[in-house]
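Residue numbers (UniProt numbering), protein chains in the order written: chain A, 1 to 258; chain B, 1 to 324.
Keep in mind that the hints were calculated from the coordinates and are not lab data.
Careful, some of the hints might be misleading.
[Said to hold, decoys possible] Taking beta-carbon pairs under 8 Å as the criterion, some of the chain B residues facing chain A (in silico): (1) Arg105; (2) Arg192; (3) Ile238; (4) Ser240; (5) Glu241; (6) Asn284.
Backbone N, C-alpha and C fix where the C-beta goes; we use that ideal spot for every residue, glycine too.
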Amino acid sequence: MTALFYGVELSSPLMLGTAQYPSPDILRDAVLAAEPGVVTVSLRRESAGERAGQAFWTLIRDLGVPVLPNTAGCHTVKEAVTTAHMAREVFGTDWVKLEVIGELDTLQPDVFGLVEAARILTEDGFKVFPYTTEDLVVAERLLAAGCEVLMPWGAPIGSGKGLNNVFGLRALRAHFPDVPLVVDAGIGVPSHAAQALELGYDAVLINTAVAKAGDPAVMARAFRLAVEAGSLARKADPMEERDMAAPSTPVVGKAMLA
Amino acid sequence: MSNKPHILVKGAGVAGMTAAVTLAERGGVVTLYDSGGRVGAGASWMAGGMLAPWCEAESAPPEVTEQSIESVDWWAAHVTDVTRAGSLVLAPARDVGEIARFGRRTSHFETIDGAEIARLEPDLAGRFHKGLFFTDEGHVDPRKALVALLARLEALGGKAVFSAANEPDETGFDWVVDCTGLNVRQDLPTLRGVRGEMLLLRCPDVELHRPVRMLHPRIPIYIVPRADHVFMVGATMIESENAGGMTVRSMTELLNAAWTLHPGFAEAEILEMGTGLRPSYPDNMPRVVQDGRRVFVNGMYRHGFLLSPARAREAADIIFGRAA
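Sequences are here, hints too, so could you generate the full structure?
Here's what the structure looks like:
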């Protein structure tokens, strides 16, 4: 029942981003509290050039959690592909979370560029985790391009608005029952994460919600508990929703109303 | 005379300058040395110079606020042009929620409305409807301040050597206080550099009396007025040790913030684009580390002007014993 991400079982359905923390020490405290299955790390090109981000990347590697590098901040296919190659070299992994940003204000993915970049990278041996929308057709194209995982957004990056289109996310889950799905972006509070797992998503990716909390380590722990609750709820097979009350004890001596 | 310690202070950034002056005031015979050829050849020259103990609590641990409150007075006592006019925190209309968050995490401010913003900063009249006013904060021009500290050191009998060819021999000193930032990574291996980029603009069309922080969920930026209609706009925080020139992305972010604050910045002249690497420990807090007769003052991160006076005192306490 546990999803395999390119053949690998993660120790937790929580993926934690490493950007925007007040300090590397606080980041480490948050990772210890979150116990994430992977940490993501962004390789901005200005950091990657001449290994200028080495000091920070060493801190990330020393966390002892599998690393999923990302191409955050890339706006073109070429940029994303170049950054993915740098990431492979720096972190020695062929996993990459692929972001191709299409619109600056919402940081919405450029799904056309995403599919193209995914094809280029999978042909080059990368295992691509594409940051996409909940669009079913785009999902099909990404799978056809060689992706074996999909990461639809819940809401725009950093917005904290939760699962904006529950119907769409449910439809994606139903259409691709065997593809590992991760809600990436938009999760603001732990209940959003629990909700994603209750919907049958295999993991969630959180960054801003933890990094920008007043106490990131405490929030990280809250998310760890939330993903545990969501996973357990999913396993336990939740009840169906009903429109009317269903009394849990017989209502004796009352007229039966139609 | 003979029992006055001879102290070599290496590094003429804000950590070294505050240490040199503090040590000379405590009775040390101080020689200041910097291989960079002048005072402030490193990241300190690019600093904002905001003396903002309470604003910093938004993202820094409480110790930063506690330890930096004295720095406003320290700077006012040591350099002439400390401005104590408070600081303003504003947000573009769509990000106004960020002001509430900022307020929850800080203290010592008044929540002010558009009329009060216009009274404090007439050029911003009608542009913002809500803000925070940190009344007790101040700001200083870092470059003038560093130059003033050098004059102060020399007035106290200290001497400065800025030529790499004449590097003083450490064996001639009782103590070495090393404030050379990332140059001593072999001694302080957890140090890393955090890249920052800043702009200096000249804009006769805009007048501001105090630093303004523009909140935005991704890229908070501040604008600090200097003399003669010059403004410092900063600063990026990038986990990178690339000290190369400013990127277009960073420049666009900084300029957008300035333009959002006041469209008059569209006509500003760009005087300077600066990049610096902030020496930082993993907790982003500066430390004073003693190793025999050597004392390292390092890791100022983005709090050099705020925290260096307290760290200089700590270094002086190691050498002279705790002051009464």
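Okay, which hints does this one fail, numbers in order? none
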